[in-house]
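Asker: For reference, the chains in residue letters:
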Amino acid sequence: MIEFINVTKKYDHDVCAMDNVNLKINKGEFAFLVGPSGSGKSTFLKLMIKEEEPTSGKILIDGKDITKIKKKDVPFLRRKIGFVFQDFRLLYDRTVEENIIFALRIIEASEREIKAQLKAVLQMVGLTGKEKYYPNQLSGGEQQRVALARALATKPPILIADEPTGNLDPKTAEEIFKTLLEINARGTTILVVTHAKDIVNELSKRVIALDHGKVVKDDAKGVY
Amino acid sequence: MTTNSYLIKEGYDNLNKHGSKTISTMLIICATMLILGIFIIILQNVNSNVETLRLEQGLQAFIDDNATDEDIAYMEDEIKLIEGVSEIEYMDKNEAYEDAKNQFKNQEYFLDGLEQLDIFPASFIVKFTNIEEAERIKADTEKIDGIYKVKYNADTIDAVISISKIANGFLLGVGIVLLVVSIFIISNTIKLAVYSNKREIFIMRYIGATNGFIVKPFIVEGAIMGIVSALISFIIISIVYVYIYVSLNTSYALGVFKFIPYSTIWYQILLAYIVLGLFIGIFGSAISLKKYLKV
Ligand SMILES: Nc1ncnc2c1ncn2[C@@H]1O[C@H](COP(=O)(O)OP(=O)(O)OP(=O)(O)O)[C@@H](O)[C@H]1O
Ligand SMILES: [Mg+2]
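Here the protein sequences line up with chains A and B, keeping their order.
Going by numbering that gives the first Met the number 0, the residue at position 186 of the first sequence is 185; the numbering climbs one at a time, nothing skipped.
Going by numbering that gives the first Met the number 0, the residue at position 46 of the second sequence is 45; the numbering climbs one at a time, nothing skipped.
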């Protein structure tokens, strides 16, 4: 589903954020991406959605080399990958429901799909009943759930999250991860960047560790 | 709601978000349109008056001084044979002098002593039925032996034409400057809208919005401003024109000059305004989108 082949990424001049990385994440997997600050975790995610271009190497998403796709096809790549941010990135002048519909409009969903998907994702993240709330009326954990629902609304086969619980307390974080596991159980491939050591250790999923742009560890049932 | 109607609604919402900016933008567009509307109106009125004057007054064909009566009779026959000529009238030197006196009414002293100088040539007044044929009839008449010059028999025409040329040149110049200003201002308004929606656009790109989807609401915003300005300008200019038409056409303030009825030009103005409004709106926003969204 996701494959990096000899991927190197150098930002202007010498910063080597990705150093000849070879990595494969299969369909339906759940993987953590860990490592110290500046090790290249965010860069890895950005390369997947073509927000950054690799200096060399190939990146396959769903079997397709995305380094070769045209600029106008980038939106369609991104529709395959739901993205969740540490800071939620919600629209604060729109309700929960409107935030989710916002995503569905973008993929030009029909009215029927919009209605059905809205209901489905609200249920998936446990926000049924909060449709009319504005983000500011919700807790941090709930806001992240809205972001999660928005990312899932377009039915992406892959979900990536960059420190999704970085702004949340441990208990709320744990609940978010539980939801992520449920989403994974329904077939979505998930890659999560996190510093939440305890949770990583507890869940015993695949753990990929980066350091200075290199994969230094990759264990199937790993620890942080 | 279809995707398109959703995008139109987004564009409309943008307009509301920047109310005062929207209004001042539309004011400039309206000013541009009113100036250009006056340009069209003057052009059409002058053209129409020139045509009717030409048709009413006909051509004047001047006869060589040494032409004999026989020559003159021959010329008259030749002119009558030209296709499209409806009427011909001979004016001898005395009549020409009287005619000149008429034209200088109250200032006849200009002409004192000129009668003896024999400077007013005899001529034919040639009338025709179709203004479209005027130029051909004029050329055909010029070819006849003994005719040394043919002109439209209305001095007022020349005056009207030269005044209108100056007025129109000026209006067109101002109009073009305002057009450029309008495009600049609308692109500036769109730039503002792009900036205030930056966060939204950023998120849209992550979700997988195509450029077309991101851009459409702004294009719609520009187009709405253009169209609404067009309609407002059209209403203003229609009211003003009809008012002028009613109050001036019935008086003799303008002499022979007659305003053409609004029914014969309103659709030209409306069409010009809508095309212009769409052009200003879409072109203006496209400039901004190209620059600030890098689409
Ligand atoms: N746009 C950029 N321009 C230049 N250098 C960059 C850019 N983005 C990241 N870098 C550099 O690339 C390296 C990897 O950055 P990256 O953001 O991928 O790290 P990270 O593992 O996500 O760190 P953190 O845990 O702090 O988020 C760092 O040295 C960073 O300074
Ligand atoms: Mg990071």
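Because the hints were derived from the structure by calculation, they are not lab data.
Given the structure is predicted, the values throughout are model-derived calculations rather than measurements.
Yeah, the Cβ is synthetic: ideal placement off N, Cα and C, and Gly gets one too.
There could be a bad hint or two in this list.
With a straight-line cut-off of 30 Å between C-alpha atoms, the simulated DSSO-like cross-links for lysine-lysine are [as the list claims (entries may be wrong)]: (1) B:Lys8 <-> A:Lys79; (2) B:Lys150 <-> B:Lys79; (3) A:Lys67 <-> A:Lys170; (4) B:Lys215 <-> A:Lys154; (5) A:Lys67 <-> A:Lys131; (6) B:Lys79 <-> A:Lys131; (7) A:Lys49 <-> B:Lys257; (8) A:Lys69 <-> B:Lys293; (9) A:Lys26 <-> A:Lys131; (10) A:Lys45 <-> B:Lys289; (11) B:Lys197 <-> A:Lys131; (12) B:Lys257 <-> B:Lys16; (13) B:Lys137 <-> A:Lys114; (14) B:Lys137 <-> A:Lys154; (15) A:Lys49 <-> A:Lys213; (16) A:Lys70 <-> B:Lys197; (17) A:Lys71 <-> B:Lys290; (18) B:Lys20 <-> B:Lys289; (19) A:Lys57 <-> A:Lys213; (20) B:Lys257 <-> B:Lys137; (21) B:Lys137 <-> A:Lys63; (22) A:Lys131 <-> A:Lys70; (23) A:Lys45 <-> A:Lys69.
Some chain B residues flagged as far from chain A (calculated, every beta-carbon gap over 10 Å) [unchecked claim]: (24) Lys100; (25) Leu171; (26) Arg198; (27) Val245.
Asker: Hint by hint, say whether it matches the structure.
Answerer: These are the hints, each one checked on the structure:
Using a Cα cut-off of 30 Å, the hinted pair lysine 8 of chain B and lysine 79 of chain A holds, with the two alpha carbons roughly 27 Å apart. A distance of roughly 17 Å separates the Cα atoms of lysine 150 of chain B and lysine 79 of chain B; the hinted pair therefore holds under the 30 Å criterion. Annotation: proposed proximity of lysine 67 of chain A to lysine 170 of chain A is violated, straight-line Cα distance about 42 Å (limit 30 Å). Of the pairs offered as hints, the one joining lysine 215 of chain B and lysine 154 of chain A holds, with about 24 Å between alpha carbons and a cut-off of 30 Å not exceeded.
Simply put, lysine 67 of chain A and lysine 131 of chain A have alpha-carbon atoms about 42 Å apart, too far for the 30 Å limit, and the pair is violated. A hinted pair counts as satisfied when its Cα atoms are at most 30 Å apart, and lysine 79 of chain B with lysine 131 of chain A does not qualify at roughly 88 Å. Pair hint lysine 49 of chain A plus lysine 257 of chain B does not hold up; C-alpha atoms about 68 Å apart against a cutoff of 30 Å. Note on lysine 69 of chain A and lysine 293 of chain B: the hinted pairing holds, with a Cα-Cα distance of about 15 Å set against a maximum of 30 Å.
A C-alpha spacing of about 35 Å is found between lysine 26 of chain A and lysine 131 of chain A, which places the hinted pair above 30 Å, so the restraint is violated. A C-alpha spacing of about 24 Å is found between lysine 45 of chain A and lysine 289 of chain B, which places the hinted pair at or below 30 Å, so the restraint holds. Of the supplied pair hints, the one linking lysine 197 of chain B and lysine 131 of chain A holds, its CA atoms being roughly 24 Å apart against a limit of 30 Å. Between the alpha carbons of lysine 257 of chain B and lysine 16 of chain B the distance comes to roughly 47 Å, so the proposed pair goes past 30 Å and is violated.
For the hint pairing lysine 137 of chain B with lysine 114 of chain A, the CA-to-CA distance comes to about 76 Å; that exceeds 30 Å, so the pair is violated. Between lysine 137 of chain B and lysine 154 of chain A the alpha-carbon distance is near 78 Å, which puts this suggested pair outside the 30 Å criterion. Distance check on the hinted pair: lysine 49 of chain A and lysine 213 of chain A sit about 20 Å apart at the alpha-carbon level, within 30 Å; holds. For the hint pairing lysine 70 of chain A with lysine 197 of chain B, the CA-to-CA distance comes to about 20 Å; that is within 30 Å, so the pair holds.
For the suggested pair lysine 71 of chain A and lysine 290 of chain B, the alpha carbons sit about 18 Å apart, so the restraint of at most 30 Å is met. Restraint check: the Cα-Cα separation between lysine 20 of chain B and lysine 289 of chain B comes to about 21 Å, which is no more than 30 Å; the hinted pair holds. Restraint check: the Cα-Cα separation between lysine 57 of chain A and lysine 213 of chain A comes to about 16 Å, which is no more than 30 Å; the hinted pair holds. For the suggested pair lysine 257 of chain B and lysine 137 of chain B, the alpha carbons sit about 25 Å apart, so the restraint of at most 30 Å is met.
Only pairs whose Cα atoms come within 30 Å are accepted, and lysine 137 of chain B paired with lysine 63 of chain A is rejected, the gap being roughly 76 Å. The hinted pair formed by lysine 131 of chain A and lysine 70 of chain A fails the criterion: a straight-line CA distance of about 36 Å is larger than 30 Å. In summary, the hint linking lysine 45 of chain A to lysine 69 of chain A is supported, as the alpha carbons are separated by about 17 Å, within the 30 Å threshold. The beta carbon of lysine 100 of chain B is kept farther than 10 Å from every beta carbon of chain A, the shortest such distance being approximately 79 Å.
Here leucine 171 of chain B stays apart from chain A, with its beta-carbon at least about 41 Å from theirs, past the 10 Å limit. Not every C-beta of chain A lies more than 10 Å from that of arginine 198 of chain B, the closest at about 7 Å, which undercuts listing it as non-interface. Against chain A, the non-interface label of valine 245 of chain B holds: every CB pair exceeds 10 Å, the least being about 51 Å.
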